[in-house]
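Undergrad: Assemble the complex: chain A is given as a structure, and chains B and C must be docked to it using the hints.
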Amino acid sequence: MSFEYAPAPESRAVVSIKAKYGHFIGGKFVAGSKHFPTINPATEEVLSHIALAGKAEVDAAVKSARKAYVTTWSKMSGKERGKYLFRIARIMQERAREFAVLETLDNGKPIRESRDVDVPLAAAHFFYHGGWADKLEYAGLGTSPKAHGVAGQIIPWNFPLLMLAWKVAPALAAGNTVVLKPAETTSLTALLFAEVCQQAELPAGVVNIVTGDGSTGALIVNHPGIDKIAFTGSTEVGKIIARAVAPTHKSVTLELGGKAANIVFEDAAIDEAIEGIVNGIFFNQGHVCCAGSRLLLQENIAEEVLEKLKSRMAKIRVGDPMDKNTDLGAINSKEQLHKITELSTVGDSEGGERWSAPCELPSKGFWFAPTIFTGVTQSHRIAREEIFGPVLSVLTFRTPQEAIDKANNTPFGLSAGIWSEKGSKVLWASQQLRAGVIWANTFNKFDPTSPFGGYKESGWGREGGRHGLSAYLKGATHE
Amino acid sequence: MSNRIDVKKTYKLFINGAFPRTESGRTYEIKNAKGIFIANPCLASRKDLKDAVVAARAAQHGWNKATGYNKGQILYRIAEMLEGRRAQFVDEIMSVTGATKAKAEKEVTDSVDRLVWYAGWSDKISSLSGALNPVAGPYYNFTIPESMGVIAAIAPETPSLLGLIDAIAPIIVGGNTVVVLASTKAPLSAMSFAEVIATSDVPAGVINILTGKKDEIAPWMASHMDIDGLDISGLSPKAHGEIKSAGAENLKRIFSFKSADPGRILAYQENKTVWHPIGL
Amino acid sequence: MSFYGLVDGSDASLKKYLGNLSGVDQVGADARAAMLATRSIKTTSKRWAIDTAISMVDLTTLEGADTPGKVQALCTKAVRPDPTDSTVPSVGAVCVYNDMVGIARTHLDSIGGQHVGVAAVSTAFPSGRASMPVKIQDTQDAIDAGASEIDMVIDRGAFLSGRYIEVFNEIVAIREICGTKAHLKVIFETGELVTYDNVRKASFLAMAAGADFIKTSTGKVAPAATAPVVLVMLEAVRDFYSMTKVRIGVKPAGGIRNTKDAIKQLVLVNETAGPEWLTPSLFRIGASALLNDLLMQRMKMDDGYYASPQYVTID
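Protein chains in written order, with this note's numbering: chain A, 1 to 479; chain B, 480 to 759; chain C, 760 to 1074.
Keep in mind that the hints were calculated from the coordinates and are not lab data. Beta carbons: idealized from backbone N, C-alpha and C, even for Gly. Hints are all accurate, no fakes.
Straight-line C-alpha distance at most 30 angstroms; calculated BS3-like pairs for lysine-lysine:
{"#": "1", "chain 1": "A", "residue 1": "K308", "chain 2": "C", "residue 2": "K775"}
{"#": "2", "chain 1": "B", "residue 1": "K692", "chain 2": "A", "residue 2": "K250"}
{"#": "3", "chain 1": "C", "residue 1": "K1059", "chain 2": "A", "residue 2": "K324"}
{"#": "4", "chain 1": "A", "residue 1": "K406", "chain 2": "B", "residue 2": "K544"}
{"#": "5", "chain 1": "A", "residue 1": "K425", "chain 2": "B", "residue 2": "K603"}
{"#": "6", "chain 1": "C", "residue 1": "K775", "chain 2": "A", "residue 2": "K425"}
{"#": "7", "chain 1": "B", "residue 1": "K526", "chain 2": "A", "residue 2": "K406"}
Rough simulated footprint, nothing fancy, chain B against chain A, three-plus residues with beta-carbon under 8 angstroms:
{"#": "8", "segment": "246-260"}
{"#": "9", "segment": "450-462"}
Next comes chain A alone, as it looks inside the complex (with noise of 0.2 angstroms):
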């Protein structure tokens, strides 16, 4: 007997993607110059085309958010301004299906994930800061601060509308209009999103959407008429931000990478800390900046880990993102998927063991089976470069200060993980680690009310809760 589980797909029915965009300024899609295709990573069918803004069309864009910064967005109470962030959560939650689907044909998510995830979070962050808005007097900067004025906002691919949301309604809440420039290979929800700022009455210009690549990208972090700039994306791209701002008073914040330390303590609660992990590397794809891509078992129970890790992962479900069922979908892009067999053939020839789960994977699109790499040491590139892919690092260490300092053994600092059932040592755990967020028996867990952000390479500043908002006001005494 087997239960084999029959395709459920989503209906795409319920999007309509069109030919060809453009860009999104002053309340109004114009026209484009010129295009680059997008497609579904697991098919590889090319969904539309998306036009890369220049020079004309940032100008543009920003040059409408600092008029309607000044005529209208500035000048309105914050109880009016947060009115308009409930209407937006409103209706993200009405056509988050919409949402969904699109977020999952354009970024190859599971749409398990965009569905329960990312969609719901996104209309929540929504609701949060529309709730902050005519309390800003209250959240620490004193009793008037002030936003920035413009902020330029560049977001990444794996999380195509959570991150337009992390970005976007705290700007709004604090006062500030946007810029804001979706990744290459995934525009689409960002520009359905300019439909739900429309069907709101967001007066035209607070929210900007350009399209285009890193140039344009450039042009936004370079533009003299942005005050703000809020990017999440690589450390790399992070730091050429850094050093392009550092002359000016554009104010800054960044989420970039990380290499998370996900550490098994031999007291833990065994079948949680296995769906832990499994939720650490293989949520999305791998392709989260806090994915706990550094296992650290202590070496006791290392075996048995490994043992149950293995067959649980044998039971992750690829294929299909559309499909109900699928928990891992596909690789979104080439060039990711380039990196990540790269980086794993590094892996390989370091001496790591590898083992894929035994999965079919679909002949078109891009995809990776779920591996892990054991015999990984401190020293093995793949224990300490992002991989951003469903590729797990396997260490041991024998005692709990060891597992801290491996875990801590990195420029990075975003996040970390710890599993045991011993409360006093959770807490020292989670004091010793250098990490921005800690999640201790659990794993990428995300919520408009928690902070979030990394120490050392991993960023600056915090997204989410009192401490994000902040990063959208004037009021501390520091520049």
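TA: For chains B and C alone, coordinates are given in the frame of chain A:
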């Protein structure tokens, strides 16, 4: 007084709780407002900076682990020691800067009071800046500020003592260790302040003080990969861009300040958010 | 008895064995069960799941008002759940009180239902509050009357006060009575054990003591067979298999009333213990109302339109 020959002080650096001369063997001349020679303080080199960072890094874990109460008492102890040596500091400020007695006394008074003010923050900053985040799920979630690590600071030229204290105190009260470059023109009170620190139960390496030239040392501070943050309040705004750009290599947190307030402490704190399930 | 070499029958060895178990994090277990509940089982796999679920039902009546007539009607339904469709499989067993065992067995045999087992609830069901001789006699009576399966309750009072050895010894004693004549299912009443740590502990205790099946609940206490409790028990039988190479069955009972719930249970089995457990000899669902909902869903799949309760029998 009249016929006695003064026993003059040799001004050295303060690194890891000791008073070494600069490894470079260099000094520079300090004259008073009337142009009369006062002292030859050390002209610190990048290698002195390197040594100071090693000391600061080694001291950071232990200092961070000290309780807020303990850190507060140590800062308060510095204030006590400074109070006891008021006269010396007043004299030094007057002789180097040519300030009036009243003005010099005010700076010393403000310095003592400022230390007491910062001391009190040691066990309050996390209650003010931390948060219990009401996430939508069965999780206990809190955010707490934590020390950032080793912070370098460039103290302003003037006021040389109060500015130095504003550079040091907010950094260390949050559990960081510091390497500070003192006022170039008026480094004497900084080195006398090191003597205060040395007798104030401050663990070795927590505060390290260099004297020398900003142009020479600041770029090395900015590019040093084992420095986590930098206070450039003492640098001319014209130099900020270049220093911030150099600091981007390890995404150093670089700020400058105009006043003393809790934001100055928080600038060198990292916020850590911890999640834990709530269940049986 | 050897107890798989895991314990030697002493209190100390049992405590050590149970003390080595890892804990269960409630929130994590709940989240895993909730995630598996999102599995979408459609078309051919749904059809397969419905028939499999029917064959796993322990069709149950455990009322003070049970009469021979009621039990006989239940037995008829157990053998041919849908009198109009002979392709519907028989259920796994009927589950009755001890005094109804003989009536059930005789009736099943008389209508061609030899392949349908009779399960008797035993050991002072549902509370388990009686002396050991009474519990032994209770079980013996059921076996003498023809029960092929014994659903015993554990002494939750002893368990909760830490007298694990007493619980263990009771199971061992009942196991001995069952011998080769009857399969032993051990009911934990997980709603009274409350924590998943206790469920995991009770599972390992019962398995070492000789249970053939571990069962969630009596159906008299809520909550009963919640998805995470079943998840924890399925993890326990999976881990026990890796220790002993013996597969122990699992029986959720109580609260599984419709097809959706039943299919969720099968998904839990498939993705936790594994497909080897997807057989009535290793997975049963204790239920009464569930069967009719399975039948109605089956009709819907065959006919293409929604069924009415008027077309399924109420026995």
